[in-house]
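Participant: Residues per chain are reported as follows:
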Amino acid sequence: MFYRESGDFKTKYVDDNQTFPIKLDRLGYYAIIAIAFLVVPFVINDYWANAVMVPFLILSIAAIGLNILIGYCGQVSLGTGGFMAVGAYACYKLMTSFPEMSIFFCVLISGGITALVGVLFGLPSLRIKGFYLAVATLAAQFFLVWLFNKVPWFYNYSASGQINAPERAVFDFLVTGPNATAASKYLFCLVFVFILAWIARNLTRGRVGRSWMAIRDMDIAAEIIGVNPLKTKLSAFAVSSFFIGIAGALFFSVYLGAVEVGEAFGITQSFLVLFMVIIGGLGSIFGSFAGAAFLVLMPVFLKNVMVGGLGWPTDIAAHLEFVIVGGLIVFFLIVEPHGLAQLWRLAKEKLRLWPFPH
Amino acid sequence: MKSRKLAALAVVATLASSSAIADLVFPSLSYRTGPYAANGIPFADGYADYFTLINQRDGGLGGENLKLLECETGYNTQKGVECYESTKGEGALVYQPLSTGITYQLIPKASADGIPIHSMGYGRTSAANGKVFEHVFNYPVNYWNGASVAINHFLDQGSLDGKTVALVYHNSAYGKEPIRTLQELSKKHGFSLTEIPVDHPGQEQKSQWLQIRRERPDYVIMYGWGVMNQVAIQEAANIRFNMENFMGIWWSGSENDVIPAGAKANGYKALTFHNTGAGYPVFADIQEYVVDKGMAAGAGDQIGTVLYNRGMYAAMLAVEAARTAQEIHGTMAINASQMRDGMEALEITEEKMAALGLAGFGPSFSVSCENHGGPGNAAVQQWDAAAKKWNLITEFTPSDMDVIGALIEEDSAAYAAENSITPRSCS
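Chain order of the listed sequences is Z and F.
For the first sequence, the working numbering gives the first residue as 1453, with consecutive numbering after it.
For the second sequence, the working numbering gives the first residue as 8, with consecutive numbering after it.
Just so you know, the hints here were simulated from the structure itself, not pulled from any lab data.
A portion of the hints provided could be inaccurate.
[Unchecked claim] Here's a subset of chain Z near chain F, in silico, CB distances under 8 Å, partners left out:
no.: 1; residue: Asn1616
no.: 2; residue: Gly1629
no.: 3; residue: Thr1766
no.: 4; residue: Asp1767
no.: 5; residue: Ala1769
Where is the CB? At the ideal position from N, CA and C, for every residue including glycine.
Just chain F, with the same shape it has in the complex (with noise of 0.2 Å):
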């Protein structure tokens, strides 16, 4: 029958495909086609890039050549089980797979197999929580660090009493996360809280749009990723919307977000985990020994931009964790449960950014069996349409961790409940 003939011909197929496992391999569930290529594409690009700039300019990790397993899942999050289920024998040592959704569908499946997740601002908030997410990771920063930050730059420009604040926000797993936080601190503030859903893909928001011309809020929130950001800033424009009162979480601030509405898009704010441009001596490195050689995994042009640096910024943090755990275990052949201790003993220093070529690139914070969260520090950046650049206009600032904290271990303990885990001691 023509089932069976094709699984025998896939049986051959994927035996074809199998390899070595001599090297370091890093899984790269990217997305380069359907709605959120645009972004996915300058990410998984940064990712590819500075694992090809270790293997070229080092000669790898401690001598180990760093392998890039790059699967594509469109976003969708049966493709991504999928990926995972067909990189997970390869000897994957970390995955990160830029997908709220898919990062929910990983954590048990993961954690079952001791392969670490890191969802770097993305997935399960709660996943801070290190005594019951024992192999998921969320540093530096998430999502409800994001909302609290927001709220305080808006606090900053004056009292919140009385106001209101629109979420815009994408109708999944990744728009929803925030609405908790934004609710306790809108209780705690004294602010009135609007949320309203845009669905999948989020090519059409008139309505959403109409709804806040309306009813006029204070300040809006975004939470949006792939063609939903530039509808949503091309609207805001439309209806002459305040951009210095528009916020978006930093899944909403690339240059693809803003370019498409020109001029109007000036002032948009959004938040940030690291720092812009292509003013770091490691992007010149990134441009010798990979890209004037040819190996770059995209065109090459996206150097500097928010997505790129911040793909290239989640490679770094896997290759300094799995730094780290060649250090604990003394060995260079780590496996995922060696990479596991690495990234839970992971410090990233001042002078450690530096000696990367990095040098205030990014917060510097650590991480320990308690807390997979990092500090949670974020800043706010600007656009500038004229000069087509972002900037920041703070520093890495804390989050109200009074009331994160509270949620975090609530969520966590709810997960724990219903999945009957105990928590681990971290003494």
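Chain Z with its partners taken away, still in its complex shape (with noise of 0.2 Å):
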């Protein structure tokens, strides 16, 4: 019925290689980047920014990040909040030491530093595999966690240990501090994701992303056919670190604007960011916003259900949230578990057969 590839006939070989090969696909993504970035920034408030867009297109980048590691090349890592932190200390550092630099280079450089990490503790994936890795992955998310706790110049020195993110602006638009309005957060974030989602989308398409599937599927194959495990293996850890330090260093200046590292980033974050991966789908880039959409909107959207809505005690929502969330979780991947993008993936497949399945 509708959904079709019959009479959008592809001419050219550009036309058949193009991400979204199927028109009603391509015109959907047209319009949602068109409403993200042309109408939400007029309807948005400072809740619905600081409380839901913000931290959801933060989160995405994360788990895009984590999802080209874990989902395309098959390494998996459990230090995601260690290098989230590397990402925000690093911001946090240029920050204060270059006050002049635009914070969209301070980002930028902040992603490069976490890259470097990165690559640093991705070296033993040359030698672990599997769960052994996710140990030495693990090791690295405390032993950063420690480092940016124990060392005085990392956090200017001041009395708490804690980081503050001071004002700055692009194009005369406060994006951080506590006057940025919820618009030009949300525009920020929105071009860092757009930009961010589309380099993965082409990587992972391209020569890059075949040699890491490649080594994920089966890497003493991967090996024999004449693909280098050391470049792809780092680049990957590369890769992934950039993107988590681009989500970290923007958690920390623009979403939450004073970090405590042990809380903003600790173990909890690399399993949060772990799970998005999980739930979305592992080898899919809309799957990492759809995690990241379920873990983010899912307990927000139950709170002012329960407590806002029925008027609830906030500790039974808090609770009921806890089981609710889990239990989805436990649904979804029963049902599915290959995650949310397969699940759309399986309905696109549907739709296309619709109404005659056979």
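Join the two chains into one complex using the hints; note that each chain is given alone, in its own frame.
Facilitator: Right, here's the structure in full:
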């Protein structure tokens, strides 16, 4: 009925290779981009920006980054929180050391620094795999958090060990600090999400992505056909950490504004991003968004319904929230072990055949 | 797409939850879940019950109904931000987040929105400098006062020259606060300071206490919270550390912290800035108007415990500040900026406390434009394990303001420079 390829003729190879070959998909994508850039900034308020959209966008970047590492290259990592902390502290040091530097470049350079740290901690992946690698990256998580707590240079010797984001503007619009408007914060994050998701999508479709997937599917076979495991694994760590570092920098500077490393970037943060990737779907960019949306929006939504809508006591609501979100995770993974992205893929398959499934 | 659908549903839910702004709104960012719930629950109950009492007994404050907006943070900063954003539009008058991490988070936000924060005995210590922190208050005491009063108490037992003091602290902004003060004091009094961090949540402290057992410090000061306190006191008992020389900050001195260690916790000391026990007329009123009517926030069995009393005390100070604001501005329906003026002009006297049914409960103090921190007097209380009771063993004594005043000046100046704030003049 709708969502068909029929009548959508491709006359050039470029057309055939595009990201969204089906017209309805493509239109939907354009519509979402247009709404996100042109409509949402005008209607967003403080609550929506600070409690929903900004964390969703930032954690999407982190989820895409981790998905590159786990979903595309098959290297399990539990160090996400630690790498986000590297991005955050790099951003803080850059912001305070070079006050005239644009925040945009601060965030980008923080990503670069995180990429270097990521490569360093990715080195063990050349020798160990699977659960053993997960434990090695867990060490990174604890080491990095410990480091940022221990060495006062990282937090400019402040009494409490907290880092605070000074005010910075892009084109005269404040994006960090308390006076930044909801729309500017949202747009700043959205620009990063758009560029990075675009890069990630195209990286994973190209030669680099294919070599990652070759390593993921069978590293010995990949090596035999000429994929260099050192370059491939370390490039996955570098790109993944770059994304996660940017997410960390934004998380600190735009979203929270003040950060305490053990609390914001602890092991729970690592697990949160890992769950996003698993629930969303390994090896899928859309899945990263879906997973982030699920784990960011769901608790806020449940809280608003139970406390705001139904007027239940906050503690019961908080406990029920855990139960419901946990139950949904189990339910989704039983119904569809490949995550929300696979559900979406199946829905599309069904739509293409509907109403004649045979 | 899924996210959009959820977002749309959430819009509906948020719209449905917004209410009239006719009441005086006091948000309570509480935590009744998570590793700090044992301490968060009695505080939140005390806070809530006092507002209910004012509504039930006095028919509100100056005829205005007091409305408590509770929001669960789980002691988590991200949830704290969500709570702040969701409640600030409802006419919130003052925020008391009961978490140093969330306080740090909210200081710039609330200052920009013009809503006062009262971090009573926690938060950013240098916020006591009202010239820089116009919207932040931390009367009647702060962390640095606490550290100094603890050292003064040890000094009363003899010179500290050449002795060792260990600081066991929650490895977070909260726990790190006293370090600078203690370092200054160690120079002044000639003791050496050992810093022993405990990571969140503090369930496991074997190595820290092994270190204490090996190094044998003369005194241990603890800045702990939640489950960390119980574990530390238990471990101290296990290594047979003399409880007389073990002192907690006021957040490490509730019944929840000492009862698990049983008789071995006998003699443990903690600082406090208010009294304990249920022997004040106000609690009889709470019993009559709130608990007996089935309107208590909790089960009603916490009355008189340290943290319930502290929550009640925090609510009492908020209500008194609102009353002051109503008097200053001559209107009953005050807003957040008028509330701020009320907090700055707050004066707690003996007579006022007696009139509230709280004679001798806490120190009398006044807040001013320069000084948002109050006088900083604290007392030492000691646990009697047999009677299961905290006893005050000193008066509310002042701290070493020579050292602290300079540090507050320095730290707030650094904050002002970092955030390009010009300190306002207070004359």
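Participant: Does each hint hold? Answer for all of them.
Facilitator: A quick look at each hint next to the structure:
| no. | hint | in the structure |
| --- | --- | --- |
| 1 | Asn1616 | 7 Å, holds |
| 2 | Gly1629 | 7 Å, holds |
| 3 | Thr1766 | 4 Å, holds |
| 4 | Asp1767 | 3 Å, holds |
| 5 | Ala1769 | 7 Å, holds |
Hint check: no violations occur; every hint is consistent with the structure.
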